[in-house]
Amino acid sequence: MRLHLRARWLAAAAFGLGAVGRADVLPEDRTDVLYHRYEGGGLTVQGPAVLVRKKFGDSFSASYQYYEDLISSASIDVVSQASAYKEKRTQHNLNLDYLHGSTLYSIGFINSNEPDYKSNTGFFSINQSMFGDLTTVSFGFAQGWDKVGEVDHGVVVRTFHTTGSADADHRNWSLGLSQVITRNLLLGLNFETDESDGYLQNPYRGVRFVDPFSARGYSFGQAVSPNTRTGSAGSAQLKYYLPWHAAVDGSYRLYTDTWGILAHTVKLGYTQPLFTDWTLEATARYYWQNHADFYSDLFPYQNSQNFMSRDRELAQFRSLTLGLGASWEFHPGWPHWVSKGTLNFNYNRLHIDYQDFHDNLIPSLVPGDEPLYTLDANVMQFFISFWY
Amino acid sequence: MSKMHSCKMASPLLGAVLLSGMLLSACSPIEPWVKPYEREHLADPIMSFDRNPISSAYLDHVFEVREGARGATGSVGGGCGCN
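Chains A and B, in that order, give the protein sequences.
Oh and the first sequence: position 192 is 192 in the numbering used here, straight run, nothing missing.
Oh and the second sequence: position 10 is 10 in the numbering used here, straight run, nothing missing.
Among the hints, erroneous ones may be present.
[Stated by the list, open to error] Quick list of the computed label-pair ranges, beta carbon to beta carbon:
hint : chain 1 : residue 1 : chain 2 : residue 2 : range
1    : B       : 37        : A       : 262       : 37 to 47 Å
2    : B       : 37        : A       : 355       : 47 to 57 Å
3    : B       : 37        : A       : 318       : 45 to 55 Å
4    : B       : 37        : A       : 293       : 16 to 26 Å
5    : B       : 37        : A       : 66        : 35 to 45 Å
6    : A       : 70        : B       : 37        : 18 to 28 Å
7    : A       : 284       : B       : 37        : 31 to 41 Å
8    : B       : 37        : A       : 230       : 13 to 23 Å
9    : A       : 270       : B       : 37        : 22 to 32 Å
10   : A       : 353       : B       : 37        : 45 to 55 Å
11   : B       : 37        : A       : 92        : 38 to 48 Å
Derived from the structure by calculation, the hints contain no laboratory data.
Every residue gets a Cβ at the ideal spot worked out from N, C-alpha and C, and that includes glycine.
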């Protein structure tokens, strides 16, 4: 759970609502089999994912996705406050689309399971094409129910600061617009707002405070986060077709929430087909955020505030991600119902510079004078896709 | 459906900018300023905002668990009208 505490709901959005497609046609019939691997900061997460999508008649399409994380963690948070651990998370997504005229209705359900975190999410969305199919607008809503800290079969798998389990509920509203601007230019606008209430913190992470009675000068105590959070994000993206059969895209996203986080994301991408069956991609993503109102790397004394957190995700930091991708298209003669396939490899290098999160594993005479923490990670995906 | 008056745009970009104004002025129907036979480039798979959903969803997930921000990742598709 340590890695995914906030992720269940987010994964729901990413694998569910975010997948809304064009409103004038059903999504393509395809199957993807993917292997993913993240390695960095003492953490390794890898596993398979499978997505199968099939039309039924002219009006219905169904999809099922299985996703698995095999986690082995000895990250700075784990080493500082608990013990290294291994665990498995599985996620199942079911989605049904119904096309009526120029309107696409989608409903779905997502279930995520790991030893100490269970999540269920239901969602629906509506996509409408208009103005000669130059414009698509979408609306979506999702409701999530999480259970935090529930341990399977009564077995405590590792140190747990709290006992029993707690609930967290989430609601998400999304609006989208996709617009043809010219014969070479597409515009996408998205807006999302979500609200959460319940147990919203990571029970494994404590706060650090100055403790003159400790040999190292500090101790760890219990973190306390607010039990409500409302956030909103808006983004704009453009994609342009270049004269030499290539595409360039750019996007910007602004995020703000009631915990005091203000974040910006800028992304640029370039796609270049080569010969007849290769496609190469390059991406650059820059992200920066300020820290949450109740975040501190080192509090002056125990229980110095009513809300306190030392979660790195709530710290102030900047990150740069550079990515490369290659895709090879083939047309197998067998089985006959497969029209084409692609072999794909994507690699991303992630670098994060924390600006107020110190590496407390490096000894320092004065608490808080440790060097700032940095994270470098390799993110790889290998997948094969079939269309039929 | 009767056409109240012509809304043909002088240029495609101007058409997009004035879209909301046209709605308010009750122009109906709106003339597509990019004709179906002009959408060859838009129909190319490289112009998809989300060419491989399973891959982009995974990468979004990688970022979301490490960052304070979430949502509006821009995988709303559509709008091409290429079929």
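Unmet hints by their number, sorted upward, for this structure: Of the numbered hints given earlier, those the structure breaks are 4, 6 and 8, listed in rising order.
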